[in-house]
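Asks: Sequence:
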Amino acid sequence: MPYVAQPRVEVAKNTCGSEAPRAAICGVTDSPKPEEAGRHSRRNHHPTHRKPSRAMSRKHHYTPKKEAPDSFEELSAKLTADLRNHVRFMADYPVLSEDWVQMAEQIGRIGHITEMERQLPKKHDATLWECEEIALRYLLEDGKLNLCLRNLVDYNNYLKRMIERGPVKSETMAALEKFEHGMGLTLKNAWLHAEAVQTTDLPLLIEYIHDILMYCLERPDYLPNKKMDNCQEITVIHFLLGLCRQLDSIDESRVMPLLAEKRIFALLAMHLSAHINHLNAADVAVGAEVLSLICSTEDFDSHEDYYVDSPEAESALLSFYDDYLEEATEDLDTRKRLRPLLDAVRQLNYTRK
Numbered sequence: 001m002p003y004v005a006q007p008r009v010e011v012a013k014n015t016c017g018s019e020a021p022r023a024a025i026c027g028v029t030d031s032p033k034p035e036e037a038g039r040h041s042r043r044n045h046h047p048t049h050r051k052p053s054r055a056m057s058r059k060h061h062y063t064p065k066k067e068a069p070d071s072f073e074e075l076s077a078k079l080t081a082d083l084r085n086h087v088r089f090m091a092d093y094p095v096l097s098e099d100w101v102q103m104a105e106q107i108g109r110i111g112h113i114t115e116m117e118r119q120l121p122k123k124h125d126a127t128l129w130e131c132e133e134i135a136l137r138y139l140l141e142d143g144k145l146n147l148c149l150r151n152l153v154d155y156n157n158y159l160k161r162m163i164e165r166g167p168v169k170s171e172t173m174a175a176l177e178k179f180e181h182g183m184g185l186t187l188k189n190a191w192l193h194a195e196a197v198q199t200t201d202l203p204l205l206i207e208y209i210h211d212i213l214m215y216c217l218e219r220p221d222y223l224p225n226k227k228m229d230n231c232q233e234i235t236v237i238h239f240l241l242g243l244c245r246q247l248d249s250i251d252e253s254r255v256m257p258l259l260a261e262k263r264i265f266a267l268l269a270m271h272l273s274a275h276i277n278h279l280n281a282a283d284v285a286v287g288a289e290v291l292s293l294i295c296s297t298e299d300f301d302s303h304e305d306y307y308v309d310s311p312e313a314e315s316a317l318l319s320f321y322d323d324y325l326e327e328a329t330e331d332l333d334t335r336k337r338l339r340p341l342l343d344a345v346r347q348l349n350y351t352r353k
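The sequence shown lines up with residues 1 to 353 when you count with UniProt numbering.
Because the hints were derived from the structure by calculation, they are not lab data.
Pairs of lysine to any residue residues, derived as SDA-like cross-links and limited to a Cα-Cα distance of at most 20 Å, are as follows:
1. 178 to 156
2. 169 to 158
3. 226 to 166
4. 262 to 156
Using the sequences and the hints given, assemble the complete structure.
Replies: Encoded structure:
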């Protein structure tokens with residue numbers, strides 16, 4: 001058998017004087033100093049010791065703190081408490097008083113909250129108490145809904161007096177617009193719920209809508225020179241939508257005589273016809289739905305002349321058909337939804353021949 005050379009292995013004395021392969025002692029070629037030997041031995045032979053990798057270090061660095069959920073819950077609780085306090089602060093302050101300006105600031109925030117909460121997922125037939133519209137729930141729980149309506153009426157009367165006196169300062173107008181927009185959003189979203197409509201002062205609401213429509217119809221230059229975003233002349237259309245959608249859940253006889261007395265159907269038709277080029281397409285569509293909902297009632301069917309009550313109202317309806325309805329109802333779903341209004345226009349055309 002041929003001779004095979006064996007590798008030379010150096011040996012070194014260990015601390016007990018015995019010989020061992022040098023490579024086996026702490027993984028170095030020289031013996032460690034006595035004070036280092038124990039330290040190296042404990043570190044290298046400890047079963048749980050591992051030097052953390054860079055990835056593990058990053059993971060540890062970005063681990064969320066345990067107190068974060070608590071902080072979020074605390075913030076949510078604080079915002080909810082602030083919202084409740086804002087609702088409770090509402091009162092019938094004089095327009096443009098210090099408290100009124102503060103309330104206007106707060107109602108601006110509340111309006112945007114109601115708009116965001118309205119878009120949250122919910123069942124089609126969910127009541128206000130079954131969905132997540134907290135701001136509106138607080139409004140009804142604290143009995144502030146009709147207070148908001150009275151404040152809006154007072155604001156409108158004050159605004160008209162100011163306009164008649166002359167130009168309004170920009171700072172003053174900013175506070176007025178903040179209130180108008182915030183309150184309009186809040187009430188628009190409130191009256192989409194039957195619970196809100198059932199507790200509303202309906203004669204006051206319909207009187208207010210009548211005043212708004214009459215004012216801008218009597219002053220053709222008023223609306224084109226106004227900021228249109230959530231202004232009164234827009235939000236009253238949405239107020240009517242909420243009201244008319246709830247006719248099945250409230251007594252129709254509570255509403256229809258008021259609408260006929262204040263000529264709401266005729267005024268709305270004239271408003272849409274006169275300002276169709278200034279209104280947003282979505283708002284025009286809402287107005288058309290309101291007219292159709294009124295046309296679908298038993299009272300309209302029995303007393304159509306109470307609603308289409310003048311040559312001006314007739315002309316407005318026919319003009320609205322030419323400018324909007326004819327094209328809009330090419331869509332099958334829209335045609336189905338607006339069928340009662342289309343039937344009323346067709347009947348009007350027939351009687352005029």
